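Here the protein sequences come in this chain order: A and B. Residue numbering for the first sequence is 1 to 181, as defined by the numbering used here. Residue numbering for the second sequence is 1 to 166, as defined by the numbering used here.
Do not rely on the hints blindly, as some may be mistaken.
[Claimed, not checked] Here are the in silico distance ranges between beta carbons for each label pair:
1) B:ARG152 to A:GLN18: 52 to 62 angstroms
2) B:VAL82 to A:SER74: 37 to 47 angstroms
3) A:GLN161 to B:GLY94: 29 to 39 angstroms
4) B:SER48 to A:SER74: 38 to 48 angstroms
5) B:SER75 to A:THR36: 35 to 45 angstroms
The hints are simulated quantities; they were obtained by calculation from the structure and are not laboratory data. Computed from a predicted structure; not experimentally measured. By construction, the Cβ of each residue, glycine as well, lies at the ideal position given by its N, Cα and C atoms.
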Amino acid sequence: MDSGNDSLQPRPRPSWAQILLVGRNPKVTAVRLIATALLVLGYFRWMALPIRVTGVSMEPTFVDGQKTSINRISLWMHPPERGDILAIRTSGLHNLLLKRVIALPGERVRISRGTVYINGNPLEELYVVKRAPWNWPRDREDEVIGPDEFLVIGDNRGMPQDRHEFGVARRERLVGRATHK
Amino acid sequence: MSRGFFNALLGLFAIGAVGAFLFLRPTESRRVVKAVEAMAREASYKPSEGSVRRLARMETLVNSFTEDAVLRFESLGMPSGVLSGRDEIRQLAGAAFRLPGGLEVQCFDPVVDLGPEPDTAKVHLTATATSGRQEAFTAQEFEFKLVKKEGRWLVREVNTVRTLRR
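Start from the sequences, fold in the hints, and give me the full structure.
Right, here's the structure in full:
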């Protein structure tokens, strides 16, 4: 009976310090904190992976030191298209390559004196500002892109070909699309 | 705070502690990663470090390889090459330890594959190197093959891995 009467008595009002630190209801605050932390972690891990660009291979679209994010779920919904800027993983996600998709699976591609030819037709690339006379592939006529592969190149074609990391990326290495203006 | 909530917190803490133990305990894979990370630490030096310290680092680094170790390089913007044995590795390390701006080597995302033979392991990782004020140059993937000799993991083969096929 006593305990029943006790439960009917109004709870003492929590102090302002307690409200500031753990809220009116510590249990609810704890659940909210955990849920928020999981949401934030999940968002930055799976939806918008934050990255800082290092190097000049994507200039002028991305410059050295620029910060951006990688949308990881967009590739689940839409397959990569020509012109997309993709992040490509190395052995993990700490270091990613940022490159633009130039050729899609099944296409024949070659670069002759800096111009990209897809299935024999020149590709218009408005994002390329400077163009050095690159030639690729050097040991054969054309490169045929495999069924789960994409040819990716950076936008800075003014730099020497041998200093620019480009080539064919397997689909399993694609992490997501870079967000840019 | 109610007793139930306190017990739930205690339970979570206990699960976390068991998880941390399982995650952090020194497995063979972890020992392999530590061996490779130790190499990266030895390969890193500050410009202020004296020549004796650099020499000691270099010897520790070279002794992390087996006598017959083979290094195959095919890196962007650099001539490809093969180094065989500790003497050739020592020559390369000698040049690397003379950079005026110092060197910082870091290993990321190691993926360890133990076996197939006993006391052997393969590690796929990404390494970056920074010298002086220069930003880290293009990250390079490597495959390390290690062998356990007298309780120590030693590198017997290093190959560069191309992220993009040319």
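The hints, checked one at a time:
Take B:ARG152 and A:GLN18: their Cβ atoms lie about 55 angstroms apart, and the range 52 to 62 angstroms holds. Roughly 42 angstroms separates the CB atoms of B:VAL82 and A:SER74, a value that falls within the hinted 37 to 47 angstroms. A hinted range of 29 to 39 angstroms for the beta carbons of A:GLN161 and B:GLY94 is consistent with their spacing of about 31 angstroms. For the pair B:SER48 and A:SER74, the beta carbons lie near 47 angstroms from each other, so the given range of 38 to 48 angstroms is met.
Taking the beta carbon of each, B:SER75 and A:THR36 are about 43 angstroms apart, inside 35 to 45 angstroms as hinted.
Taken one by one, the earlier hints all hold for this structure without exception.
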